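Assemble the whole structure, with the sequences as input and the hints as a guide.
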Amino acid sequence: MTDRRPDQPIPLSHHVSDSLDAYFRALNGCQPPSDLYRMVLEQVEKPLLSSVLEYSAGNQSRAAEVLGINRGTLRKKLKQYALDR
1 MTDRRPDQPI PLSHHVSDSL DAYFRALNGC QPPSDLYRMV LEQVEKPLLS SVLEYSAGNQ
61 SRAAEVLGIN RGTLRKKLKQ YALDR
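Note that full-length UniProt numbering gives residue 54 to position 54 of the sequence shown, counting from 1, and the numbers run on in steps of one.
Simulated from the structure, these hints should not be mistaken for laboratory data.
All of these numbers come straight from a predicted model, not from anything done at the bench.
Ideal Cβ positions, reconstructed from N, Cα and C, are used throughout, including at glycine.
Just so you know, not all the hints are guaranteed correct.
Derived EDC-like pairs (lysine to aspartate or glutamate); straight-line CA-CA distance at most 20 Å [said to hold, decoys possible]: (1) 79 to 42; (2) 79 to 54; (3) 46 to 35; (4) 79 to 65; (5) 77 to 54; (6) 79 to 45.
What follows is a list of derived Cβ distance ranges for each label pair [what the hints assert, rightly or not]: (7) 79 to 5: 34 to 42 Å; (8) 81 to 23: 17 to 25 Å; (9) 25 to 71: 36 to 44 Å; (10) 81 to 6: 30 to 38 Å; (11) 39 to 76: 15 to 23 Å; (12) 16 to 58: 22 to 30 Å; (13) 27 to 66: 32 to 40 Å; (14) 7 to 29: 39 to 47 Å; (15) 37 to 7: 32 to 40 Å; (16) 6 to 29: 31 to 39 Å.
Structure below.
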């Protein structure tokens, strides 16, 4: 990891790398990973959307702005993950 001050959060990429390393260790060579890209996106996207929506107090326009996507795309993704309730 790079040098960082104690008050700086650990980069998200570090957590992703740790999780992927644990995933590969859990496979233990018994089965090859399959469709990893899709799996990672699904595992990351839903909590990302949920957290940003909570951070934005349910304001979809603000959440879309924080995410850097348009509101229509956000609404589509919220429906996809059943977060549109």
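- Can you name, in rising order, the numbers of the hints this structure does not satisfy? none
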